[in-house]
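Residue numbers (this note's numbering), protein chains in the order written: chain A, 1 to 164; chain B, 165 to 561.
Any given hint might turn out to be false.
With a Cα cut of at most 30 Å, we get these calculated BS3-like pairs of lysine-lysine [what the hints assert, rightly or not]:
#1 K471(B) with K81(A)
#2 K521(B) with K186(B)
#3 K124(A) with K186(B)
#4 K415(B) with K471(B)
#5 K521(B) with K471(B)
#6 K555(B) with K186(B)
#7 K524(B) with K556(B)
#8 K304(B) with K348(B)
#9 K186(B) with K81(A)
#10 K348(B) with K307(B)
#11 K266(B) with K348(B)
#12 K295(B) with K348(B)
#13 K307(B) with K266(B)
#14 K81(A) with K524(B)
#15 K27(A) with K186(B)
Where chain B lies over chain A, by a calculated footprint (3+ residues, C-beta under 8 Å) [unchecked claim]:
#16 59-70
#17 148-160
Hint data in this document are derived by calculation from the structure and do not stem from the laboratory.
For glycine and all other residues, C-beta sits at the position ideal for the given N, C-alpha and C.
Here is how the chains run, residue by residue.
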Amino acid sequence: MNAMAQLEIQARVDNLQNRYMLALDNKDLQAWIATFADRDDASYTCISAENEANGWPIALMLDDCRARLQDRITFVTQIWKGTFQDYRTRHFTQRMSCEQESGNTFRVRSNFVIDYSFDPHPTKVLAAGVYEDLVVIEGEEARFLSKRAVYDTTVLPQYIVYPF
Amino acid sequence: MNIPAVEVADLVWPTDINDIPKQVFVRPDIFERELETIFYGPYWHPVAHVSEIPENGDFKTFDLGRVPLLIARDDDGAVRVFINACAHRGNQVETAPCGNRKHFECPYHRWIYANNGDLKTCPGSDDFSPKFSQEAYGLKQLKTEEVFGLIFVTMSDSPVDFDTWLGRARDTMQHQIGNAAGLKFLGYQKVQYACNWKVYQDNDGYHAPLLHTGFRLLGWQGGGGEQWSTEYGHAGVDSQLKPGKNAGVLKDPSLIDFRDATWDSGSYVCGFFPFVIITKHMDIINVRYAIPRAPDRTEVHYAYFAKADDDSEMERQRVRQASNLTGPCGMISMEDAAIFARVQIGSHSPGVATFQKGVKDLHSLDFEFKQNDEVANIQRWEFYRTIMGFKKEGQQS
Chain A
1 MNAMAQLEIQ
11 ARVDNLQNRY
21 MLALDNKDLQ
31 AWIATFADRD
41 DASYTCISAE
51 NEANGWPIAL
61 MLDDCRARLQ
71 DRITFVTQIW
81 KGTFQDYRTR
91 HFTQRMSCEQ
101 ESGNTFRVRS
111 NFVIDYSFDP
121 HPTKVLAAGV
131 YEDLVVIEGE
141 EARFLSKRAV
151 YDTTVLPQYI
161 VYPF
Chain B
165 MNIPAVEVAD
175 LVWPTDINDI
185 PKQVFVRPDI
195 FERELETIFY
205 GPYWHPVAHV
215 SEIPENGDFK
225 TFDLGRVPLL
235 IARDDDGAVR
245 VFINACAHRG
255 NQVETAPCGN
265 RKHFECPYHR
275 WIYANNGDLK
285 TCPGSDDFSP
295 KFSQEAYGLK
305 QLKTEEVFGL
315 IFVTMSDSPV
325 DFDTWLGRAR
335 DTMQHQIGNA
345 AGLKFLGYQK
355 VQYACNWKVY
365 QDNDGYHAPL
375 LHTGFRLLGW
385 QGGGGEQWST
395 EYGHAGVDSQ
405 LKPGKNAGVL
415 KDPSLIDFRD
425 ATWDSGSYVC
435 GFFPFVIITK
445 HMDIINVRYA
455 IPRAPDRTEV
465 HYAYFAKADD
475 DSEMERQRVR
485 QASNLTGPCG
495 MISMEDAAIF
505 ARVQIGSHSP
515 GVATFQKGVK
525 DLHSLDFEFK
535 QNDEVANIQR
545 WEFYRTIMGF
555 KKEGQQS
């Protein structure tokens with residue numbers, strides 16, 4: 001892959017990551033799921049680094065198919081509606097690597113930090129960690145085939161409503 | 165250990181058995197006294213399951229109140245619980261949440277302990293005091309008991325009789341973690357909640373059909389069941405939750421399949437005094453270890469298990485359910501966590517919190533209740549009040 005093509009790939013990957021962060025910070029879960037490939041095997045996992053390092057499979061969120069991604073939207077917008085005190089998030093990412101897996105599929109690794117504001121408290125860090133993504137680029141648009149959010153803290157600071 | 169800064173004699177307990185003074189949720193002096201009386205007292209506390217440290221040399225660290233613990237399996241497979249502090253100057257010996265070691269080394273003066281707690285080496289011991297002997301300076305070991313692989317520990321040298329203390333709880337544990345072939349550990353979800361430990365433990369059955377929209381949307385109204393409690397403050401529920409209707413809510417209803425119903429079709433909750441809980445809902449086997457961090461902060465380690473003889477498909481089912489239905493982001497439990505913080509904030513107001521559902525007599529304990537009554541909590545509160553020494557209004561001694 002020549003340098004120009006690589007830059008174009010990176011730009012599309014970064015654009016995808018921005019769309020992902022914007023969707024979550026806006027609590028727009030339809031926009032969130034739109035960042036995933038329209039395939040039955042599209043997946044999202046959020047897991048602690050402790051479990052990951054020890055080979056323990058328990059995750060905080062485990063959406064291992066597109067139907068589960070859709071069900072997560074149902075959790076947040078219907079099942080939990082009116083039962084929790086809401087909070088606001090700001091996601092920040094830094095792409096660390098982007099390597100071609102095969103054809104139009106790329107393995108992308110990014111650091112992330114999520115700040116959160118939970119009234120009436122000052123803004124704090126909700127989680128930091130690494131996104132390990134498999135990104136597929138079709139035409140002009142990149143989408144996640146799979147996204148794994150591996151969070152560093154062993155103990156989360158509070159209950160979690162939205163995906164990382 | 166901390167000495168209570170303020171005597172608590174000014175707290176007078178209401179005479180009506182269903183009233184709980186809100187001060188007990190917020191006062192720092194009461195929190196300190198609870199640590200001494202309950203957590204460092206003559207009672208038993210679940211701290212690990214043997215399957216969390218399955219290999220020789222495996223260890224896990226945990227806190228009993230503020231006391232650091234080191235739970236280790238030695239080279240011969242024996243599991244012991246130690247105080248995680250060097251016998252020399254008290255330095256914390258192990259800092260990792262878990263791992264595997266042949267020995268534990270204190271970095272301060274390089275004292276090295278075997279994974280059975282024995283002191284192996286200590287540089288410069290020729291010059292140590294006359295009272296030093298290597299045999300006497302191993303890691304401080306605590307008394308333990310084990311039931312279905314769950315390890316209970318006590319700080320006391322003369323604790324209450326374990327079998328008497330456990331009582332009725334053992335029957336429910338049999339249905340939850342009593343698999344003959346044992347358990348396989350699947351991982352943790354760990355979180356802190358902004359509430360007192362008793363707010364967390366008070367999370368009773370009464371609210372379930374009201375708070376949990378998920379129960380209604382999924383058609384999970386409770387079936388027949390029995391709620392129980394004991395004189396030592398343990399309480400639980402044995403019930404037949406009827407899952408699986410889905411009602412068209414989920415696109416992937418396989419998440420709520422109940423695949424191991426042939427082993428036991430029930431749904432079980434076993435809440436130990438003071439506040440470790442075991443649950444088995446559908447295919448989820450879950451022990452919730454808990455640590456009181458501060459008057460308004462409680463840490464919970466949700467530990468999940470499969471049966472050791474599960475096939476890979478069954479194990480995957482347990483992982484999928486546990487990773488989506490329970491815990492700090494669980495479809496049917498996240499709302500509980502959200503309520504904890506709000507109860508804690510409200511507890512700074514004067515007066516009492518009160519139990520209502522199922523309370524028939526304001527002045528006597530009742531051990532008969534329905535599945536969704538909140539009476540079972542009252543047994544625990546009465547045990548708590550008694551051992552904490554809080555006198556009722558008008559009570560002389």
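Outcome of the hint check:
1. For the hint linking K471(B) to K81(A), the alpha-carbon distance of about 35 Å lies beyond 30 Å, and the restraint is violated.
2. Taking the CA atoms of K521(B) and K186(B), the gap is about 19 Å. The hint holds against a cut of 30 Å.
3. Between K124(A) and K186(B) the CA atoms are separated by roughly 29 Å; this keeps the pair inside 30 Å, and the hint holds.
4. A threshold of 30 Å between alpha carbons decides the hint, and for K415(B) with K471(B) the separation of about 28 Å falls inside it, so the pair holds.
5. Proposed proximity of K521(B) and K471(B) is contradicted: the alpha carbons are some 36 Å apart, above 30 Å.
6. The hinted pair formed by K555(B) and K186(B) meets the criterion: a straight-line CA distance of about 15 Å does not exceed 30 Å.
7. Taking the CA atoms of K524(B) and K556(B), the gap is near 20 Å; set against the 30 Å cutoff, the hint holds.
8. Between K304(B) and K348(B) the alpha-carbon distance is near 29 Å, which keeps this suggested pair within the 30 Å criterion.
9. For the given pair, K186(B) sits about 29 Å from K81(A) by alpha-carbon distance, which is consistent with the 30 Å threshold.
10. A threshold of 30 Å between alpha carbons decides the hint, and for K348(B) with K307(B) the separation of about 25 Å falls inside it, so the pair holds.
11. About 23 Å separates the Cα atoms of K266(B) and K348(B), which keeps this hinted pair within 30 Å; it holds.
12. Restraint check: the Cα-Cα separation between K295(B) and K348(B) comes to about 44 Å, which exceeds 30 Å; the hinted pair is violated.
13. Under the criterion of a C-alpha separation no larger than 30 Å, the hint pairing K307(B) with K266(B) is consistent with the structure, at around 22 Å.
14. With a C-alpha separation of about 34 Å, the suggested pair K81(A) and K524(B) falls outside the 30 Å cut-off, and the hint is violated.
15. The hinted pair formed by K27(A) and K186(B) fails the criterion: a straight-line CA distance of about 36 Å is larger than 30 Å.
16. Proximity of the segment 59-70 of chain A to chain B, defined as three or more residues with a beta carbon under 8 Å from a beta carbon of that chain, is established by the 10 residues found.
17. Check on the segment 148-160 of chain A: 7 of its residues sit with their Cβ under 8 Å from a Cβ of chain B, so the three-residue criterion for coverage holds.
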